[in-house]
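Chains as they are written, first to last, in our numbering: chain H, 1 to 435; chain F, 1001 to 1282.
No lab work stands behind these hints: they were computed from the structure. Some clues are possibly wrong.
Said to hold, decoys possible - Covered by chain H, according to a simulated footprint, are these stretches of chain F (three or more residues, beta-carbon under 8 angstroms):
#1 1026-1038
#2 1164-1175
Claimed, not checked - If you want a taste of the chain H side facing chain F, the calculated C-beta under 8 angstroms gives, among others:
#3 Pro44
#4 Gly125
#5 Ala129
#6 Ser177
#7 Gly300
None of these values were measured; they are calculated from a predicted model. All residues carry an ideal CB built from backbone N, CA and C; glycine is no exception.
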Amino acid sequence: MTDTTERDQVLHVATLARVEGEGGMHIEYRDGEVTDVQLRIYEPPRFYEAFLRGRSYTEPPDITARICGICPVAYQTSSCWALEDACGVAVTDEIRLGRRLLYCGEWIESHALHIYLLHAPDFLGYDGAIEMAADHKDLVERGLRMKKAGNDLMDVVGGRSVHPVNVRLGGFYRMPSREELLALRPGLEQGLEDALATVSLVAAFDFPDLEQPYEYLSLRPEEGYPIEDGRVVTSSGTEFDVREFTEHIEEFHVPHSNALHARLDGSPVPYSVGPLARYSLNADRLGEVAREAAGRAGLGPMCRNPFRSIVVRAVEVVEAFTEALRIIDGWRDGVAPSVPVPARAGEGFGASEAPRGTLFHRYVIDDAGIIEDAQIVPPTSQNQPSVEADLRTLVQAWRHLDDEALVHRCEQAIRNYDPCISCATHFLDLTVDRG
Amino acid sequence: MSVTGTEVHAPSSRRSAPTLAVWKFASCDGCQLTLLNCEDELLALAGEVRIAYFPEATRGVLDGPYDVSLVEGSVTTPEDLERIQQVRQMSRTLITIGACATAGGIQALRNFADVAEFRSVVYAHPEYLSTLSRSTPISAHVSVDFELRGCPVDKRQLLEVLAATVQGRAPRVPSHSVCVECKRRGNLCVTVAHGTPCLGPVTQAGCGALCPSFDRGCYGCFGPQDTPNTSGIADRLLELGMSGPEVMRVFRTFNAAAEPFRRESERHESGADAGTHEEAGR
């Protein structure tokens, strides 16, 4: 795995574990200085943006869901907003709440998976959750219980948790009944209790010191914490409507990755999306229960240590359970499941906060609703430059470690971003080259 | 309890638990996630089998060969052509899971187009990519012991296939249509009652008739059932007011390259002769 010459060294990790999708990492040292860090995404390209051309405008919610089995609702939601925007249609408040409710299920399922099954084993010193269960069965069971509560919510609102069937342009095929939703209440209450215990658990982990100066980007809605919708805000104070995202965000192709990279307003400073960005730009928007939990966990108004993303994820799970309970309690039967969305020629933009960060969609359709152009900017593309910059900083600081320890720490740094390689390729093999 | 050999052997049963490997090719990870979504069964399952290779869940790796391999995803790159051969050689039983692995997945839409053009639509530097012109199921390259359908696979069916494999029996996975599940569930037929276009009659069961239970027509994510009368259902879709291109698109989604669906979609391509119904029956 490691090739060492006298002066130079390469560290190469072929397959990164506990990430969604396939990628690796390549690090080169020359004379003790890090000269190159590459997050290599070799997840094979599937060409969604190409085969969406010529499809009907009603199809992206089902088709783009297949970009990612872990966050299909993010794809469904962003595509619905974009195509409804193209057609000049606004959905009702009830449909908007239904989308937020389904999305809460996805945040819970995805964050619980990442916290307990993928990320916590790093902090507690295990290869994976199954190995961790031998010593900490109660913890793994708690994670699985929360994950199940999220999946159960998705089953009721969406039909199933992987690639929900109930989402359509304009809303839903069938609205869940108040009775069906109230039956979920005990599981969600237990989930909220488990989520609060999770915040306490992860807040006590040991975090390496690392403060990164990245620009943060997130949605910010008129009210509440950003989940399904909002305007774009950044930590440098830029604010723009989702309709303007292509004027600010530019994707580019680097040779070592099948996932495009993105930059903001032409800046060489990486920008990042996801829990840290969302929290840092919207801590004031958390509900009381999550805000208090964040305070107890020692999170200030801004969090700049990528390793503490696990704490923010736990706080977001608290928020998602709280929101789901609030929405269910206010649910009324007898509202229209969807609004009509007649096709018209135009361009539409949509965005939502996938568990891993802001997910943008843009479509151009003709007057018969046939898609002429499609553009999808997933969170992992936007985070790749930050991941590489984190690795560059850390590898320099950790250069005294032996290769095995270094590789393990680097993998952890990558997992901070919960990278979803399937999404970004439209993951990880680690190489270190020591100088 | 006897004090003879059986007791002596009891501790070794843990050692002889079959090893399980989970492999990924071009896919969305949703089918492997379905395994992790078995929240109530996951820890018990980890007691029955030894998870030997599952990078999405653990960095721990046991060396092969493996008793059971689950393969997700389709073959789309020159490297994958070689890797699937290695996976087959390392696996006593190889089970493919999901529409990508069993039919080529949504990415098989490239099979109907020019992949060079696809590449240049998405990527500024198509020369950085290494990709095949067709997305193909695992069975196109190696022998497969069992194919589990679905986009994504159904959790109960996945557990049944794993249980059956560990127990050395045939999995109880029906190959009849979604219609049977609808009847069993007591659903009103969405086509008969509301004129909603539905692929249920030609689609393999397994989901529990999910879409019709949500007032929606089946969109065929489990692929063709055993004996699908695709031209019959296509005629009905046309009668219900769908256009030729629309009928083509409904057959051309997550199982677009599954033979009966491929053939039917090609009959409705613009310019295709509408009078070739007999062909479809073959």
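Hints, verified against the model:
1. 1026-1038: holds (count 11)
2. 1164-1175: violated (count 0)
3. Pro44: holds, 4 angstroms
4. Gly125: violated, 12 angstroms
5. Ala129: holds, 7 angstroms
6. Ser177: violated, 12 angstroms
7. Gly300: Violated, because the Cβ-Cβ distance from Gly300 of chain H to chain F comes to roughly 32 angstroms (cut-off 8 angstroms).
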